[in-house]
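Participant: Below are the chains, spelled out letter by letter.
Number of protein chains: 4
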Amino acid sequence: MSAKIDFSVEELGKRGVKSPIKLSKVHGDFIANYVTDNEFVLYNVDVVLGDQPPIDRTQVFEAAGPREMIYFSPQHVHAGIVTCGGLCPGLNDVIRAIVRCLWFRYGVRRISGIRYGYKGLIPEYGFNTKELDPEVVDDIHKIGGTILGSARGGGKQVTEIVDSMERLNLNMLFAIGGDGTQRGALDIAEEVGRRNLKIAVIGIPKTVDNDFSFIQRSFGFDTAVNKAVEVVTAAHMEAHSQINGIGLVKLMGRESGFIAAHTALASHEVNFVLIPEVPFDIKGPNGLLHHLEERLQRRSHAVIVVAEGAMQDKLVKEVKTDESGNLKMVDVGRYLRDQIQEHFDRKKIEINLKYIDPSYMIRSAPAVPVDSIYCERLGNAAVHAAMAGKTKTIIGLINNEFVHIPMKAAVSQRNHVDPEGNLWRDTLDATNQPILMENKNPQGPTVSEGTDPLELSR
Amino acid sequence: MSAKIDFSVEELGKRGVKSPIKLSKVHGDFIANYVTDNEFVLYNVDVVLGDQPPIDRTQVFEAAGPREMIYFSPQHVHAGIVTCGGLCPGLNDVIRAIVRCLWFRYGVRRISGIRYGYKGLIPEYGFNTKELDPEVVDDIHKIGGTILGSARGGGKQVTEIVDSMERLNLNMLFAIGGDGTQRGALDIAEEVGRRNLKIAVIGIPKTVDNDFSFIQRSFGFDTAVNKAVEVVTAAHMEAHSQINGIGLVKLMGRESGFIAAHTALASHEVNFVLIPEVPFDIKGPNGLLHHLEERLQRRSHAVIVVAEGAMQDKLVKEVKTDESGNLKMVDVGRYLRDQIQEHFDRKKIEINLKYIDPSYMIRSAPAVPVDSIYCERLGNAAVHAAMAGKTKTIIGLINNEFVHIPMKAAVSQRNHVDPEGNLWRDTLDATNQPILMENKNPQGPTVSEGTDPLELSR
Amino acid sequence: MSAKIDFSVEELGKRGVKSPIKLSKVHGDFIANYVTDNEFVLYNVDVVLGDQPPIDRTQVFEAAGPREMIYFSPQHVHAGIVTCGGLCPGLNDVIRAIVRCLWFRYGVRRISGIRYGYKGLIPEYGFNTKELDPEVVDDIHKIGGTILGSARGGGKQVTEIVDSMERLNLNMLFAIGGDGTQRGALDIAEEVGRRNLKIAVIGIPKTVDNDFSFIQRSFGFDTAVNKAVEVVTAAHMEAHSQINGIGLVKLMGRESGFIAAHTALASHEVNFVLIPEVPFDIKGPNGLLHHLEERLQRRSHAVIVVAEGAMQDKLVKEVKTDESGNLKMVDVGRYLRDQIQEHFDRKKIEINLKYIDPSYMIRSAPAVPVDSIYCERLGNAAVHAAMAGKTKTIIGLINNEFVHIPMKAAVSQRNHVDPEGNLWRDTLDATNQPILMENKNPQGPTVSEGTDPLELSR
Amino acid sequence: MSAKIDFSVEELGKRGVKSPIKLSKVHGDFIANYVTDNEFVLYNVDVVLGDQPPIDRTQVFEAAGPREMIYFSPQHVHAGIVTCGGLCPGLNDVIRAIVRCLWFRYGVRRISGIRYGYKGLIPEYGFNTKELDPEVVDDIHKIGGTILGSARGGGKQVTEIVDSMERLNLNMLFAIGGDGTQRGALDIAEEVGRRNLKIAVIGIPKTVDNDFSFIQRSFGFDTAVNKAVEVVTAAHMEAHSQINGIGLVKLMGRESGFIAAHTALASHEVNFVLIPEVPFDIKGPNGLLHHLEERLQRRSHAVIVVAEGAMQDKLVKEVKTDESGNLKMVDVGRYLRDQIQEHFDRKKIEINLKYIDPSYMIRSAPAVPVDSIYCERLGNAAVHAAMAGKTKTIIGLINNEFVHIPMKAAVSQRNHVDPEGNLWRDTLDATNQPILMENKNPQGPTVSEGTDPLELSR
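Going down the list, the sequences are from chains A, B, C and D.
Residues 1 to 458 in the UniProt record's numbering are what the first sequence lists, from first letter to last.
Residues 1 to 458 in the UniProt record's numbering are what the second sequence lists, from first letter to last.
Residues 1 to 458 in the UniProt record's numbering are what the third sequence lists, from first letter to last.
Residues 1 to 458 in the UniProt record's numbering are what the fourth sequence lists, from first letter to last.
Derived from the structure by calculation, the hints contain no laboratory data.
Cβ atoms here follow ideal geometry from the backbone N, Cα and C, with glycine treated the same way.
Calculated pairs, DSBU-like style, for lysine-lysine (alpha carbon to alpha carbon, straight line, at most 35 Å):
1) Lys22/D with Lys347/C
2) Lys314/B with Lys25/A
3) Lys348/D with Lys130/A
4) Lys25/D with Lys4/C
5) Lys347/D with Lys130/A
6) Lys142/D with Lys142/C
7) Lys348/A with Lys156/D
8) Lys22/B with Lys283/A
9) Lys283/D with Lys25/C
10) Lys25/C with Lys314/D
11) Lys314/C with Lys22/D
12) Lys22/D with Lys283/C
13) Lys22/B with Lys347/A
14) Lys283/D with Lys22/C
15) Lys156/C with Lys348/B
16) Lys142/B with Lys130/D
17) Lys22/A with Lys347/B
18) Lys130/C with Lys142/A
19) Lys348/C with Lys130/B
20) Lys130/C with Lys348/B
21) Lys142/C with Lys142/B
22) Lys408/C with Lys25/C
23) Lys4/D with Lys4/C
24) Lys142/A with Lys142/B
25) Lys130/B with Lys347/C
26) Lys130/C with Lys130/A
27) Lys283/C with Lys18/D
28) Lys283/A with Lys18/B
29) Lys283/A with Lys25/B
30) Lys156/C with Lys347/B
31) Lys156/A with Lys348/D
32) Lys14/A with Lys198/A
33) Lys22/B with Lys314/A
34) Lys348/C with Lys156/B
35) Lys130/B with Lys130/D
36) Lys22/A with Lys314/B
37) Lys25/B with Lys314/A
Just a few of them, taken from the derived set where beta-carbon distance is under 10 Å, the chain A residues facing chain D:
38) Tyr125
39) Thr146
40) Ala234
Just chain A, same shape as in the assembly (with noise of 0.2 Å):
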């Protein structure tokens, strides 16, 4: 958070409808109380003792929650909701608390689901709208994918978008999406306000890759970690069960390796983690292949995880975009099989390789508890915030707590692995990991480097 952006969120206007939610405003009542627009959630806890500058709005975000008044008259409300990019674990928790808070809380009965998203919005492609109500969306949270279809790209005709949800006469819409669906969602929101309309728009970040910004966790993340773990369990009793076993699993990571450190972590059973943050040589005295054939000639078997963006600057030739604006990537898990294979093959040491690549029963898995909740707690945030008039704002979790986030800021930059924080250093602590460059350890080896008779096992 290098610049300072200031952190307050657009409204709609005047906030002039009372909440039909009956809340208290008193403490010690034993009921809940309304959220004020004084209540905010400091981002950076990282501090030094001593002199502190003042806090101000470019460090705190508004506190999400509902408030007492509100801007929309619950009657004349029809909301749109969209999903779009690839799939993610809880889409569906996520609408369904979307239509229940807006049908149970607020009274609103018009609700309007966008097929395949922002494609939906859009006449040539000739989708209809899908009617939503708490019957429809009672049991979808069961499953995985998302009842309302998704789709990429679309988000530049924003134009034709507009014009549909004018049409439509909607007046609030909900984006559930990555980056490039929340800079759609921004245009959309700016040619809404040009036009004068009076359109709240609500983002609701999704990233299985957990790449979005300020956000300490994105919904799907957790789900996505317990299948990773599952897939590299399985590579791993492959790698186990023959000579020279090595199983090779790509996990998702555009541009983060959140998922593969995180499954590292909790698999045990992980010996190499690549992701995009830390550069790595394939060959060379401190490179993969080297360190590889090591632990082989000690252990007889390996399991390296790779995240899909890892390695990107060196492999991409020739720079392509898929339908959302991202960059198209060369598939470094084949890469690497085939760099190893090739490696072995020349040393003639048979190994058996397994490369497995389980994307996409990964992310269409449904939501597992911890992720149905924090789904649940979004969705009531985003009702809320869209119902107060809040537009141009995404909602995010924040050191435990839901706030809104300028549209603006959420999608300037993106979420990394430190390379040299903690999550990471204890990544390389539970798989013995080197550091797999040259010149990079300058200070020698740490006491368990190979010097240990009874190495683990694994």
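Dock chains B, C and D against chain A, hints included.
Facilitator: Structure of chains B, C and D alone, referenced to chain A:
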């Protein structure tokens, strides 16, 4: 956090040994840095803009992690690990992390597991210690329970315990356990101090109920919620498949309803949640029985979750304590079961009530991945603290960062569900549960209550 | 199968309608063939070489499956489906299969779900039927329980039931339930016959205990064992983590110990299995308490599985029956718990006994895939039988083939674990359990008992 | 079973040793009985009433189980266990059962695990054996893979293998593996015979594809279906959440489509199942592409399951074999993926095709309880056979009973899905899949095809 507490932690003495862990002291070299004594984590992130008082040691916790200079020479360390009290998912993960960090990071070669809680240090019970090394702990995270065995009590026999620690030449003790265990650990550390011994006593807080003060989430909690959701699903299936089926599930939570509230939020199938923090009536016009009867008339089935500590103030006639000093409780689950059955018998309404008490199945489960990661990192942090000579200190997670908390502060209070906070508000929203007390809903019903033709089918 | 029973099944009349299902009558064309009335499945496969008696209708069952000529015109069919008694995994799968086979294969368009067992056909209870079609049942196999609701009893009110069936113009009834339900179905079918109605009554045997005679395995059984193994694992973890920990698990099995025996075989962690078929002593030199004490001395923990019907002959003082006509039982789980606790209290030996009764969690689980397949095929076979005009017939699985069994034969006896058969022998081998009766082990101990220095650690 | 095969199994010689297992020889004493050589299990249960030929040794298999008199003196036994070929759920369960039965039932104290298949018996590979006892195998059933390691090939080096067996003084070898492994075992047993050695060679048939002849179900098969259903659920979620989403899953099944068919039956979400036994067209008016396009027009998504051996006759140009003698295959999954993509690209129809090949994740899974039970009993039966001096014999499950099958018969043929049998008929019913070949549906469409307004939503 009403009274001001100084959160400084004690150390055994000057740190004169260079850590065998090779880390960096500069940023930008892609190598993790040592943690310095000037790094702190702010506790309270709820701020009001304007004049803030300066931040002092009553508001921040010391960051955990590896120090450059440590107190103990690794080759002279003999570490003891003890697990106390009831089972909790993740115990073996913590043991494993401590052993591996001591062994691989610091080169410690003498690690003793104390059997069956503090009783393992009291000669009259006659238990031997269990030698621990990475081979022994390699796969233990895959099973529940604790390989050391656990037991309640013993913590009051401080003299015998410290005698044993002297006999064993222990110079660090990792005490994994709840409130009572940490109080015992503090007593032990104080006796250690009186004898002028140099033994680091580090507590790892264990409470499946999540009621440890300061700590944002205790290890094993997510696993417990996971299993509890399975049970509630079963209770719902039973209730839903019978004439006036009622599923009544008692969940853990002696003083705090965190498991109950989170389970209700995650399962989406609970109609009433009863927790210790929120008083409720059983009888009367706003009481549970009245609303339950209404619910059965509308939907023919209902699911009730009750935390074991609910209603204890009303139920307990004579106060008893168990070996750990916990108050003995009246079984609120059976009490409610009988009250409900009597009520409908009296009204001659056929019900099918299924009462489930799944506690043993929940607390003995192996940790889910998100808990595994937590335990791994918690164990690492505990070892770094002990090697640095910290003592009378527990390891906590505050705003997603691991910190040192003085034992005295940690055991001085408990963590509770705030009846007026966001968690409970969202829980009530998820369950549509009315306020179960007379005179507690002065503002009239909210939109959804009873008036809606398309009411939720669960 | 002592007495000779003729296994011929009854039909409503001449089959004069061509089946709308297009199958083949020749082999070799890669199209499945109709099943003819000359296809039979032999029941007893244990043979002694030499002279065999000719095979007649007392040894074979009619093969189930689609017939070329059927009795009912699909467009005139109104089918009823009823689920009775306690829950069992797979009920929804069976309902789903029946509905889909009727609808898609035969074109039947009137299918009524009877609510809450036979009570749904008795006017005084006032339940409406629930219209069923493929849309309604599409996803029901993913949840446990029964979407129709279930209840015990009602089967004796034959007149009212058949009156209702006439009013509804039902011409086939699928009765999914246990022994008592099938006895009720037979009574109903006989009343149907007396009134000269043309209603096919087809039974689908449901018993999570697996105690239906003839049938090799009842649906839901594998799911139940699956869940029971999870519970035993929890009980083992509790026992293993405490001083003299004892895990005592009561499993379903009123008259047969199949779940208990299979669970012990699968879990590998059970030390004593107590089932109704095998008598045992609690006290005395070969009794359970004696051997349990010895086990605790050797291994410090033990796991006991007891089927609910064990010891009933000894325990039951006064005989009562529930609504389905099942004998009411004394709770052997609590009885054993108290006996064990008393024994060790008297001997002043500290034990930690955890008693778990997981029945509701087991029987409400959704079916595992192997049970799903069974239910799918069972439901298909039931529909083919009904369409062919078979009546007073249940569908069974014999030597891996689906067959028709006359109801009269099916309800005449029960399936038991043979105390001298292979299953029980392998169970004893898996548990190392001694024979728990005096004078029952005349040939002395086997090799393994007590004499081995490297005894199993569980 | 066309040609008549004598199913008698060979024995090493006269059984002159009294078994240390104490069983009974009388019925009614509540003690299991020894199995005698006069107990047989009939193979074929499909009968036609009328004159039956007398039952002889070409129709029955010898019952497995403990004999009163055995061939080997337990104290002189040195047993070897080898696991060959690809992984399969349950391998560790079988190893565990063999070790425990040898140790606890017979008192055998020398048991050697052969590493990495037959290669572990060939000196040039340089692998040591692994000593096995109950402690080593205690918990191995909880993990997948094989603790011995496995490898393909080596079975042709019979001389070296038998030399090694002599050097090790093995007198029994348990060979756990597929068709090729058992052919190797037979060669080994014949060489053993030529050298006049007294080594019992017992095969335990392992085929996750379930294609072993005679055997009703191979161990690990239910686990494989379980895991495959999870994958199909993921594929369905992906397909269902995208514009014209197609989930294409390749499952194991080189020569037999059992996994594919059972998975389709269990998951209820598959629209097309393609297996080796049933020919199908890709192009043309009845081909897969045509019907897939129709399906997308109707339902916008589709799920296809293809067994790896499907279409091999059409695809394979040059025949290659792998180390175990299996034919190398063309990857039908990728072939179909490309064909489908090309077809819709050519027609300019946007599809979203997700191709999943989950083989490694399926075969490395730990066994589900029903498979665990099977493996436990299979291992016991193998030990009883070896101790009795049976040789050139595999253990099979026939009509739910364990039997001895001569190796020669077992490897002479394969088990296939009968395209005209009940399993395939029910699979077609479950999927609503049309016959995918021209001129193969002479009798016209069945009721459900295309004509129904309320068509299934999946």
